Structure formats: structure tokens, C-alpha cells
Amino acid sequence: MYSEKVNDHFMNPRNVGEILGADGIGIEGNLACGDVMQISIQVENDKIVDAKFKTFGCGAAIAVSSMITEMVKGKTPADALKISKEDVVQELGGLPPQKMHCSNLGANALRKAVEDYRKKGKVYIA
Amino acid sequence: MYSEKVNDHFMNPRNVGEILGADGIGIEGNLACGDVMQISIQVENDKIVDAKFKTFGCGAAIAVSSMITEMVKGKTPADALKISKEDVVQELGGLPPQKMHCSNLGANALRKAVEDYRKKGKVYIA
Amino acid sequence: MNIIPGDGMRKCYFDYVATNPLHPEVLNTMMPYFKEEFGNPLSIYEPGQRAKKAIEEAREQVASMINARPSTIIFTSSGAEANSFALKGMAIAKQNQGNHVIVSRVEHHSILSSARFLEKSGFVVTYLPVDKYGFVDPEAVKDSITKETIVISIIHASSEIGTIEPIKEIAIVAQERNITMHTDAVATTGNIPIDVKDLGVDLLSMAAHQFYGPKGAGALYVKRGVRIVPLICGGIQEGGRRAGTENVPAIVGMGKAAEIAKSGMSRRIEHCKKLRDKIIEGVLKIPNVHLTGHHGNRLPHHASFVVEFIEGEAMLLMLSMKGIYSASGSACTSKALKSSPVLLSIGIPTALAQGSIVFSLGMSNTEEEVDYFLEEFPRIINRLREMSPFMKKKEGGSKCYTGG
Amino acid sequence: MNIIPGDGMRKCYFDYVATNPLHPEVLNTMMPYFKEEFGNPLSIYEPGQRAKKAIEEAREQVASMINARPSTIIFTSSGAEANSFALKGMAIAKQNQGNHVIVSRVEHHSILSSARFLEKSGFVVTYLPVDKYGFVDPEAVKDSITKETIVISIIHASSEIGTIEPIKEIAIVAQERNITMHTDAVATTGNIPIDVKDLGVDLLSMAAHQFYGPKGAGALYVKRGVRIVPLICGGIQEGGRRAGTENVPAIVGMGKAAEIAKSGMSRRIEHCKKLRDKIIEGVLKIPNVHLTGHHGNRLPHHASFVVEFIEGEAMLLMLSMKGIYSASGSACTSKALKSSPVLLSIGIPTALAQGSIVFSLGMSNTEEEVDYFLEEFPRIINRLREMSPFMKKKEGGSKCYTGG
Ligand SMILES: Cc1ncc(COP(=O)(O)O)c(C=O)c1O
Ligand SMILES: Cc1ncc(COP(=O)(O)O)c(C=O)c1O
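Residue numbers (this note's numbering), protein chains in the order written: chain A, 1 to 126; chain B, 1 to 126; chain C, 1 to 404; chain D, 1 to 404.
Just to be clear, a hint being listed does not mean it is correct.
[Unchecked claim] If you want the ones that stay clear, here's a sample from chain B, every Cβ over 12 Å from chain D, calculated: (1) E18; (2) S84; (3) K85; (4) K112.
[Unchecked claim] List of simulated lysine-lysine pairs, DSS-like, C-alpha gap at most 25 Å: (5) D:K322 <-> C:K53; (6) D:K52 <-> C:K322; (7) A:K73 <-> A:K112; (8) D:K142 <-> D:K168; (9) B:K5 <-> D:K53.
These aren't lab readings, by the way, just hints derived from the structure by calculation. Everything numeric in this text was worked out from a predicted model, so none of it was measured. We treat Cβ as the ideally placed atom computed from N, Cα and C, and that holds for glycine.
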């Protein structure tokens, strides 16, 4: 059903966990729909130096979380916001049609984490 | 579909034809329903000494005609009238349910032949 | 070629319209799905996904045979299911737009009976007459259309008389008026080239066992954007349009059969046509025998006749005793004990319709078989005519046959 | 026993409710009908009649499994077809007597969706609630009956929660009021003893692929004298009640599977029950995992759970990577992306329903497989819980599960 890349990120997820004292945290999704994603980021010198996730959801949701936390590391918060759901899907080698909403969740959780970080005041306007 | 006896009487029908100057002729059935049977008999000394048939119809109709002309030979006209459709079916080793009406045709054609014979005046009241 | 086992007697299977033997390659393709590949296509783990993939491949094969997109193919269990699904599903989907349905008098039972179901549900059905060859006139279709007309269903070819209908012309009439058009192509698909885009129909029924595929697999083509209400409800199989655990081996077999039919079609047609023409020529030499359906515009593997003075089942039986297997539309062979409405619709009187006999051919048949048949058949007709009470009265000429 | 091919990794097929592998003896019985015995059962010549005979023998075998007369068995292509046929066919046959239909909230999609079709056609449907085990209360059935009630359809056992319904008690209620009673016994037939006379139902659905028979064969039992309107119209097959060229090999296979199921039932039940109980005992040792359905009164081969804090599809996938194949009623595994109505109906909150997982067993499964599974499953749950944002907050106790 899933691409090899998805299966790999699902079975060996990168960046599982929660950053203690994170600079930004974003949560997206709701239980009724089946998926909830939490992404926490740590920012230093306008660079996202660490990102972690905790996800309740299906294989695609977990793979998306793993992939997006990988993709975001090393990026500026501003560039992180430019990561689209399509980018994530492409990096994962595609997702089944009924699982495309999971990629949406990932991008949204990341956006919320960045917004949370900016709200907290450590913002560098790009 | 048919018993061996039916197949035999169909493939090797006895008494096919028409008795020239028959003492009695009976015709039963109609074309729309698919079967028409004609039985002619020859009577001597209150005994049916010969019987022949011509039949337009399915395998069962032909087998019934063949069998009933066999059964009737040697009988008195009165006894011939006692041959029921059930007797014919039994002699044939059974007929499929949707073919039972063929046995009816046979008994009726024979009855008409006997009635025709009686009408012609050669009657011996039994 | 003896495809039927038996007592060593020659067997000529001349009843391909009843059903086809399975192509050995088709069976080979099916076999793994009876064994280790038994997963349910809905299951998300590997064995389920492999079954799913096999079904989707079959869908592509079937679609390719009729020049359609894979997503337009809904698998069913038979031609009759495809027909019931099509007629009822279209009519119910469009019941807000009108209540009038048009079919012809040469439709298969599964269409006629579905039409009767619709009548009981408040729809109005026109049963279009046909000419002596069985042709539906596109002009008559046009004339029978009312403001209420929502659906037209005309058979592509009847397996009783073989005549191929002018579906393309009728579809143009339907299209111009936004009426959904279905054709029952069960007898034609896999046997003659079909291109749904060229035909112009919205829906088309087919059955695998009519082109060397397995029993238990049929399909309905439904053009993109055409709405249909499910017949078998529930579930998400077949895009939510046909529920039930998929018959994976049969579907896989239908796909393979479609692929083989497509690539081998012209060879098959040539083979069958030659034998068919030989049968027609030979049989018409027998006095008081008439071809039914059209001479030229008919199924390439199909020869049908009415024989005067005798009855169809008796012919069938005598032929079968000689190892020759055929079909008849006589009342005696129908379990309903009624003459075939198709034969009556082309103007054959009831009595003569009793003498119906149909020979249909396939790749197993040979010229030698036809020779053998042409030797036996006149004898059989003679034997039966000798038993017929009508023979002497009408010898030398047909009194009751008025058809083509 | 490895019934699934692969990379040499151990494979545990724990998804028998999805579909069964074919019993090898069943396949052997089917094979001739894919080869030389390809005749159409309607044909009156020998090869056709042999096919006919084979079907009638299968009918006897299926009838015997449920203690019915052969003439009460109508073959279909699937359980879903039998269900659609039953519900629509009964309701339409009795529409002059009333318009009210009663079903439960734990029905299969094919019943629920047919019920919705009937609602659109003007019928009124009551969807009966169930208790936390999934039981329908016969008293509630009685209370919901109106003067308009014509049909009751209650599932024998749901493949999602395994609970076996009190059909006999409900059938008594129906019988007393002359209401036609159907049960969807697709998940039970061939797996537990069924006697239609004892159950007292008028109609009963089954599917061969649920008892080691082939896909593509199901059946509907219709008690003598009960009228039903055909779903697949036309033709004279199946006593005029289901048209379409019969899928002879599949029907023959269903017959053989029924015969084997009948003779081997107690052995099968014993085998599965032992493994099932071991699974239930082992899985319930994991914290925050709950059995769904009833403990005692459930399918002998069925163990179903909800696991807190994690989602079903993720469990399925991780299990499948370990070669363990199972099912889930989570929203993510359904193509509709909605939680299983059956789980919601037994009072499980949406969030917890996401953690649904179902294991179902068969003759291929062994104690070693269950041991292997019981080793792997807690690890998988742990891994997923480590990823779960809910874990730390709720550790040590269920906050949201209120069911049984
Ligand atoms: C209780 C129940 N009813 C109906 C069905 C549908 O049967 P099928 O998939 O054979 O159409 C199933 C499917 O397994 C089932 O479990
Ligand atoms: C023209 C036509 N339509 C429909 C059918 C029904 O198909 P099936 O027997 O596969 O249900 C047939 C049967 O051969 C047919 O010839």
C-alpha cells in the first residue's frame, strides 16, 4: 500500500519524542478523524537545530511526522514555513489518495510550531 | 435429463406412422404449446391389433407416443381407456417435471382414437 | 478437437453462446489465486495488496479490450447481473428526471425482466419492435422518445438470432437528447471488436464466459460522470458501486481472457466465420429450412435456423446422441414452455418457432466437425419429419413461414 | 503452518474473518469444472446436465449444513449479494402489507446500505441500539414493532466484535407477528452449528469464503413459502429467483466446503477456541487494552480489542511487518475514513475506536504462532505508545473508555 520510503519512516521513525523546553510546539488534528500530530522545535541563531514529533495516527501520519521533522532541521523558521504538504509527499515517494490529508496535518503542525516559536518572541524576521 | 427408457423410445421409436384405413384416429395438442400427437388404431375382435403414431414435439412427446402405442396393443378398447398418464410415465421410468404434460397428451390422443373408433360403429360394449 | 470427454464418440461443441470452455492460459493465470494468493483485496497487508493489484491489472485488461479507462469498469458476477444493475441502476439514478425507459423486443431475459420490475415500480417501458432480421430502427427509437425518456437499452447482438444492432446510430440519437444509453454486449464482447468511444454508449455489459474466460465474472462499463445506483449495496469495493468480497481468481481470469481476446480477435473471427458460412450454406440446402437473423450483419460464430414440421428439442436431442451440442429457442427447451419472444418478434409464427435451432462456434471447432455435422443433420431432420403429422400435408413448400 | 508465501519470515494469518484460504480438497473438487466439465447447466445435452447435477449436489450439501431442504437454497455470488437480495427482496415482496423494516446498529454495511436504499424508496427503517457487548435485546425488537412492520433483519454475529446475537429469541417475536425474519449469518455459517429450523428464521445469508470455500459463491436460504423479489432479474436459473449463468466451479466448491465444515465443525471450533482464548488472555495482560464484544458468547475464532492511546492501522502495519496479519475497524483503515459504526454502537468513544484491532483464527494457525504474536504485540504497542502524544498524560488509567 505504501512506498518503501513511507514504510521505512514508519518502521524506523526519526525524531520521536518531545523537546524539553522547546522553542515552539504545534499540535494539529483531532481524534475523531484518527490522527493527532505534535511537533516541537528548537531554534538557535535563526536555524531549527532540532525537531521532534509525537503522533497518534496511521502509518502515513507517522511517516509524514518523521519525514517533516527531518526536512525541517537546518532550515530557518521562515524556510520551514515554505515546506508544503506536496513537498513532504514527494520526499516520501507518494501517498495513497485517501492518505493525502496526513501530509496536510504534518505541514500544519509544523506551521503551528513555528508560529508558537515566533509568538514566544525569539523571532528573527527574515 | 431423460431416463434411459425415454432415450431409447425417442431414438428408436416404435410404431411410427399412420395406419391406412385406421379404425380410429385421435389428435391432441396444439402447435403453440409445442406438441401435436396423432395416434391411429386398428381393432379386430374387440382387440387393438395395431397402433401407430405421428408426433410433432420434443423427446418426451415422441417417447410417450412410442410407449403408449406399445402399451395399447393387445388391449380391448375399454382397457385402453384405462391407461392413465401415470401408467405411461411409470413405464418410461419417469419424466422431468416440466415434461409431465406430454404424458397427458399421449393418454388424451389415445382416448380420442378409441372414441373415434367407437363413433365409427365397430363398438363392442365391454 | 475433442474438448468434451466421453465414450470415445466424436463430440462437436456447437453451443459457444451458452458458455465457453476456459482458455488453458486463463486457468493458469487464475490458479495462484486459488492457492497462496487468497488475500482479501481490502486488507492493507501485503497478501491483500497483491490481490488488489491483480484485480486492478485485470481492470486494465478488460478496459483495454473495449478502449475504455480502467476506472470505468465495474466487475460483476455475470452478464445478467451487469444487465440488471445497468437498467435498474440507471433508471433509479435518473428517476427525478423522468420515468420512461426504452428497450427492444430482442433483449435478453435479464433486461426484459428488469424492465418489468421497473414497470411495477412506476416506470413506463416501451418495447420497440424489430424488422424481420431483428434490426432495431434508429428512427423508431427517435420516434418513441418522450420528454420523460431517461434511459435506452438496446442489445448489441442477440445470441438467439445473431443480428448485430446499429448501436452507434442509436447512441447518437440518445446522446443528442441527453438520454443514458446502455447496450447488452454480452454476446459480442470479446467476439467482435468493441470500442466504447466509437459506439458512443454510456454503459455496456459483458460476461467473461462468453470469451473463454471463467464463469462468475462479468463487468459493466460505466462512462465517467454517469451516475448509477448500486444493485448490490454496501461496502467500498468497486468504487462503492458493487459490494461483496471480490471473486479474485475469476476477475483475474476475466482480465487474462480479455487480453487474449483482444490480441487473437481477428484470427478467431476468421476461424469461426469460415465454419459458420459452411454451416449456413450446408444447412440451407435442406428443404424447408430458413436462416434466422441477418445473413451478413451477424455474430461471426453464429448460425441460427428454423426447421419446418419438427420441433427444436427433438433435434437437439438427436444431435446430442451423435455428439453434436447445440441450442434451441423452442418452447419445449425453455423451462417456461413458451416460444422465444425474440423469434416471435421477427415475425416467425409460433408453430415454426418450435423448429428453432442455433449453432455457435469457437476455436475448438474444425472443418471436419462441420462436415460430420452436415452429414448427420439432414438425416436427423428426415427421421423427425417422418414422425411428423404435418409432413405429408405440407410437403414441398412452407405454408406458415412468413419471415425473411 | 505457513499458508502465505514470502521471504521466509514467519507468517501468521490472523484475519480469517476477511477471507479464508481455500481448502485443498475443495479446490480439487472444483478443478474438473474449470476444464472438461464446462457445460452450461441450462443445456439439455449431457455435459450441461452433468453441470446441473453438480450444482444440485452442492445445493444438497449446503442445505444439509444448515438443516434445510435443498430447494430453499439460492446460490449468489457473495454474502453481500445475499444480504442485498434478502433485505430488498423481502421488503419489496411485502410492500403492500406495510413499510416498516427493523435492523440493528451492528449490521454489516451490505444490510445497512440496503436499508438506506429502502428508506430512499419510501420505507421506514428502525436501527435498533445494542448494549455494551453488542447484544440486540429481543424485548427491544418487540417494542419497536408497529402495524407496518414487515421485515426484521438481525446479524447472527458481527465480524468486528464477534458477539453472537439471540436470533432464536428474536425469530420467535417475529414469527408471532407474521413478520419475515432474516439473519446475516455470513460470519457464522460453517463456523458454528446452524440449524435454520431451530433458529426459526425465514431467510439466512452465507458466504463460502468464510468457511474455506471459494470466493464468488454465497447463498441465501429462503424458507419454503416465503416470497422474495429477485435482485438479479431474468432467466430461469435458481428457480427463477436469481438469473445469470451459474458459477459452476464456485458452487461446487461451496458444496464441498459445506460438507467438510459440517463434518469437521467441532474439531475446528475446538482448535480455534483454544488459540482464541490464549490470545485474549495474553493480550488483556497488556495495560489499557480492552476486549470488545462478549467474552463467552462470541465467535469461536474471534478475538477483538481496543488499545488505548494508539491507532489501529499503525498496529496492523507494524504487525504485518512481523508477518502477522490482522484487521481493524479504525477510521484510518476504512476507505471512508470513519470509525466503525459497530464500535460506536457498543459505546466506545470515537478516539478509542481508533485503537480497534481484530484477530481471527483458522485451521492453519498454531500455538507457536500465538506465542510469537504474544511476544511481538506488546512490543509493538509500546513502540507506538512511545510515539503517542497522549501516553504521558493518561498513563496508568483509561480516561475515555466507558464500554464493557
Ligand atoms: C457479517 C457479514 N455479513 C456480510 C459480509 C459480506 O460478505 P461478502 O464479503 O462475501 O460479500 C461479511 C463479510 O465478511 C460479514 O462478515
Ligand atoms: C445477450 C446476452 N445478454 C445477457 C446474457 C446473460 O449473461 P450471463 O449468463 O453471464 O448472466 C447472455 C447470456 O449468454 C446473453 O447472450
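These are the hints, each one checked on the structure:
1. E18: Nearest chain D Cβ is 29 Å from E18 (chain B), so the label holds.
2. S84: holds (27 Å)
3. K85: holds (22 Å)
4. K112: Its Cβ never comes within 12 Å of chain D, the nearest being 29 Å, so this holds.
5. D:K322 <-> C:K53: holds (22 Å)
6. D:K52 <-> C:K322: holds (21 Å)
7. A:K73 <-> A:K112: holds (16 Å)
8. D:K142 <-> D:K168: At roughly 13 Å apart (the allowed maximum being 25 Å), K168 (chain D) and K142 (chain D) satisfy the hint.
9. B:K5 <-> D:K53: At roughly 19 Å apart (the allowed maximum being 25 Å), K53 (chain D) and K5 (chain B) satisfy the hint.
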